[in-house]
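K.L.:
Protein sequence lines, in the order shown, are assigned to chains P and U. Heads up: the first sequence begins at 1 in my numbering, then just goes up one per residue. Heads up: the second sequence begins at 1 in my numbering, then just goes up one per residue.
Check before you lean on any hint, since a few could be wrong.
Copies of one chain are not kept apart here, so a pair can be met inside one copy or by any two copies together.
Stated by the list, open to error - Under the rule of at most 25 angstroms between Cα atoms (straight-line distance), these lysine to any residue pairs were calculated in the SDA-like manner:
#, residue 1, residue 2
1, K180, A116
2, K180, S114
3, K180, A205
4, K180, L163
Simulated from the structure, these hints should not be mistaken for lab results.
Protein chains: 2
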Amino acid sequence: MTLASPLATRVLSGDRRALARAISAVEDRLPGAAELMATVYRRAGRAHLTGITGPPGVGKSTLVHALISGHRGRGMTVGALCIDPSSTISQGALLGDRVRMGGFHEDEGVYIRSMATRGTLGGLARAAGAAVILMDAADLDEVLVETVGVGQSELNIRNAVDLVVLVLMPGSGDSVQLLKAGVMEIPDIIVVNKRDRAGAAELAADLRRTPPSGAGGAAPRPRIILTDALSGDGVAELGDAISEVRGHRTEQGGVGAQRADTAAAVLELALEQVREQLAGIVEDGQAAALLDAVSARRTDPGSAAHALLEQCFGPDGARMATAS
Amino acid sequence: MTLASPLATRVLSGDRRALARAISAVEDRLPGAAELMATVYRRAGRAHLTGITGPPGVGKSTLVHALISGHRGRGMTVGALCIDPSSTISQGALLGDRVRMGGFHEDEGVYIRSMATRGTLGGLARAAGAAVILMDAADLDEVLVETVGVGQSELNIRNAVDLVVLVLMPGSGDSVQLLKAGVMEIPDIIVVNKRDRAGAAELAADLRRTPPSGAGGAAPRPRIILTDALSGDGVAELGDAISEVRGHRTEQGGVGAQRADTAAAVLELALEQVREQLAGIVEDGQAAALLDAVSARRTDPGSAAHALLEQCFGPDGARMATAS
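With these hints in hand, go ahead and build the complete structure from the sequences.
P.N.:
Set out below in structure tokens:
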């Protein structure tokens, strides 16, 4: 009953300043943040959550901008979370107090938030997942999450969203190779942006030939959409494709699939908590003697890892954690 | 004193079959594997450890092949570990008993091992790190580790090697963008392979203009080497560059830098142990009721993560882990 209860009520009523304060509370791990999340989560689950991912420079921010405009045109309220350190949205947020994104800062129906990586990626997935839940609970209809990512990325927010749109452009050969090799998880939709550039049609054709199974087994073949986010060409078609995939997903969504997603999300969240705690021990210098012993080869990394877990969880906890 | 002691002695004497058995013991978490690692680690630390990373299709396997030939030509013994699921080396290993890699299977001075990802990435970093230590302890002069990776990858073995070579080719636009955006860690050396293809010189020039600081702060500007791994062009120059970087690293290598590397390695290893344990609990269905409660929004993911940590570490351990 610290800050959680009244703040939760204000978030749930759609108060944008309360939403901003709640996200900051989670980012900064303020007392009461966990209680706040427990309270709002029961009321979340109504928003459409879409991840927009891809390498830097392909035009993700412009596409997010165009999607926001489209949603607003249909009278939907929109939240956008940007956790891509290379994004123009993030850079805008870092440069000034107000996110100046095509005038949306004067639109009460749009809430834009960017999340700085603070040089390290620790805790980012946790904070981003919580921010998505808060936006959802704050009565926003559509939530877009922009992340940078190619292959397995620590900025992966797949578990926090309903579906993932991968944005590529002519020249995205590495991403195509990762998809073909089955190293990269198959997204629900692949956008070939900058469709007027040389090679766009070839890229789309190449992607259509790519086998539909990604890392971790069979996946449905992704929809391929060509866009020019700057002029808006193809963005309406993308919006329709997102709606169709979501509709199909809702029809098909058995309990099993949902539980797998939930399991992955909870597992990552638990690991993130452990990571923050272990990193704290290391950064505080509490493990210095241990690390020196590894460097001097008096102990091996595996034994040192066990000792570090003992420092964090106590002897019983570490024994439970490492017993096979 | 299970299998560890006699097997360790045989590994340290350079017995290749013992080395293979030891790596399998670690991969399969056999009893005694931790003791084995503790024993051999004291005797490791003599080998040169080089990571070869990059997206699929750029020619990493061919380059590893060429580097092995070069090392053999100078009378060095060589170990190669391939943990790239898209690699032709891995595929060879999966298709048959014998790794057929240009005739090296008849050369006693070469030990090649590939590590399957088994559909999931859990435990791979741990097993790969241990395999590198075992090869080092087994009296191999040079150890090459081939991994797929773009940006932050779970296949990252940076902490297990002395230096990292990133291999790109014309068309690797996504990787260049990740480097420029500071999202990707800066490697020590960047190889532009397939140097005869259109765009190779432009790619090298573009990389030379890329700012030298990567994610996590300033890094020295990487050396750029153009190669054609298939014909061998530029491979000798790459070998020289690797030696120079390693020599420079050894001169500069203060205790501080070494401790940071060790800390990262131990931290990742500890997290890997926790990940395996938590994943086991989830896969065994022990957390099913908890996950159903999240799906039904009776509890939130953060509370569920805490409950999962309690299941793993006991109430005291979980409290220690999540106290701020």
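K.L.:
Determine for every hint whether it applies to the structure shown.
P.N.:
Outcome of the hint check:
1. K180 / A116: between (32 angstroms within a copy, 17 angstroms between copies)
2. K180 / S114: Intra 32 angstroms, inter 20 angstroms, cutoff 25 angstroms: inter-copy only.
3. K180 / A205: within (13 angstroms within a copy, 28 angstroms between copies)
4. K180 / L163: For K180 and L163, the Cα distance is within 25 angstroms only inside one copy (20 angstroms; across copies 28 angstroms).
Checked against the numbered hints given earlier, this structure breaks none of them.
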